[in-house]
Amino acid sequence: MSTVFSLYLASMKEFVRDRMSMFWTLAFPILFIVLFGLIFSGSGSVNFTMGMVVEDQGQVGQALAQTFETIARQNNSPFKLETGSRQAEMNSLKKGNLDMVIVIPAGISAQVAQNQTAKVQMYYDPTRNQTNAQIEQTIINSIVGQFNQHYTRVSPPLAVDTISVATKTLSSIDFLVPGILAMSLMQLGIFGTAQPLVALRQEQVLRRLGATPLPRWMLLTSQVLMRMTIALTQTALLVGIGIAAFNIHMEGNPLALLGIVLLGAATFISLGYLIAAFSPTVDAASGIGSAVNFPMMFLSGVFFPLALLPAFLTPVVRALPLTYLADAVRQVMINGTPAFPLTVDLAVLAGWVVVCTLVAARFFKWE
Amino acid sequence: MSAALNAITVENLRKVYGATKAVDGISFEVREGEVFGMLGPNGAGKSTTIEMIEGLRRPDGGSITVLGLKQPGAANHIKTRIGIQLQTTALYPRLTVTEILDLFHTFFRGRKTISTAELIQLVDLDEKKDTHSKALSGGQRQRLSVALALVNDPDIVFLDEPTTGMDPQARRQLWDLVRALQQRGKTILLTTHYMEEAEQLCDRVAIVDHGHIMELGSPQDLISRHFQEIAIEFNHPEGDTENYRTLAGVNNVVVENGHVSLYSTDVPATMAALLQRTDNSGALRNLNVRGGTLEDVFLKLTGRALRD
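So the sequence lines, in the order shown, correspond to chains V and W.
The first sequence begins at 1 in our numbering and counts up by one.
The second sequence begins at 1001 in our numbering and counts up by one.
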């Protein structure tokens, strides 16, 4: 086992002593976040006007409505609220006077009383700024989420100060940071794993190591551990800079985020090995890597929401592992609107790890 | 010679790439403690043969026994007892010589090894022990690759073209190292296309061409077997084979680009005739009289020079 550790140390030393390579590996995601931070810092926090329709007469509906009203009255509220009938509010939305309408439908109190899940509906204009729409939904989501956690029929509605925790204004960068984190994990796997491994094969280093009794799995394990270390460093830098310089908000549990980062890193590292298995040269690895990288960057909901993409692309979107990682990271980091249930995200990522690893192991040539 | 004393036994070894027979029925034995060389031009099949013996390549036919164990079945076990020198310029470029040697030691836990310090002394890399491997010269890197082959104190050391690209001084240094290893009781199998290297280092040599062994024996045996002549060599601008064949004592003539080699069984007679012939028609430049070499043997066996 300590042979694996010695190999791991050796590859870490190689990485750290190559100042240029280390700089670009760590700096690239930082550049992204600084760039986006600067682009979006001007736009400030989001403000929107929301119409509310309360059709539920029971306790749950009333409590929720009261929660929204309380928040809207705060000085730092992200939204202005008006209440009205469904028809009136939907008309306002269509005319463009409102950014969003939330409907608390009839019967949800009864459903909650029977321990069923009740749904609150949000309506928005799909032709509007999609990033803002996502953020608005995220805010509403987080309010409803907090409401769910605290609400019981016995106690009074949420105390105001508890709610105000959930209304920290989210800016566009909060939405983008999880996507950028997911993307940097993908690029670590595709470029940071495939190309160096193919280079090792091309330069006959694998052959040299294969002339010793060193078992192959030890070498591979040490490489994977090394890539994971880099992934965690990138994550720490991204999140650290985001919080320190751009005041991004981390809503979720850091341990959950760590787990998802590790799983995401594993997914793309194993994808990198798959690419390396089918790349005879470093140039081929680079080409295949780019061919995989670019579609995922733009079709996985990293820079703009999935809802913006035309429907015929949906099967493609669902086939891309980055879609699920970005979604999972967004859910955990900022309680973002889920594109898929978190368990689906995790299952898909785990599935990719297994498939990629098995196929790569079968086809990877050491010379 | 009983089989138990053979470090390596190779029988009817074959390797085919498409339509090309890279190794076409090679058989030989390497005795324990000897330095055995495979001499031949590039593409002769030497490297392919040695790789199959090392276990790095699968043979298409024949049998290989190393230290009593069969290749490729016992390849992993054999790897623990042999040392393979492979040229890898890109091996951990930013680790120091010491770090790389230490790392290789971790591959042989629980087995006897030669310490990093001793290896560095052995290959004379003391000055460079804390240098990154990418900063080493070609000769130094070659010595490091030999050191890596010795980490596990192997019984057999395989050297594949170990002095390619080295300057003469570095080459001689490596020859001293090979002799020192032999002193330690190691068996050494090396491949080379340098005739002098084979003559200087090897107890026995196999001359290899086109996947076959043409001849096998000690360098002296091979030369005296095929060469009863002495070579008289000189440069002459008007060199023409027919001119010289008629000289006294001349058995064979080779002329190449103004460089003439006369193979004579009676040197005084040939010299006298030669000097008479070229009396006033230009001096003989770079006159050299020498005994036969392995290169002459190769030339005779194949009709080609060792280095095309």
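Mixed in with the good hints, there may be bad ones.
Capping the alpha-carbon separation at 30 angstroms, the derived lysine-lysine pairs in DSS-like fashion look like this [as the list claims (entries may be wrong)]:
| hint | chain 1 | residue 1 | chain 2 | residue 2 |
| --- | --- | --- | --- | --- |
| 1 | W | Lys1112 | V | Lys13 |
| 2 | W | Lys1186 | W | Lys1112 |
| 3 | W | Lys1021 | W | Lys1112 |
| 4 | V | Lys119 | V | Lys80 |
| 5 | W | Lys1300 | V | Lys365 |
| 6 | V | Lys365 | W | Lys1129 |
The hints are simulated quantities; they were obtained by calculation from the structure and are not laboratory data.
Okay, the hints, checked on the actual structure:
1. Lys1112(W) x Lys13(V): holds (27 angstroms)
2. Lys1186(W) x Lys1112(W): holds (15 angstroms)
3. Lys1021(W) x Lys1112(W): Outside the cut-off at roughly 39 angstroms; violated.
4. Lys119(V) x Lys80(V): holds (22 angstroms)
5. Lys1300(W) x Lys365(V): violated (42 angstroms)
6. Lys365(V) x Lys1129(W): violated (33 angstroms)
The structure shown violates the earlier hints numbered 3, 5, 6.
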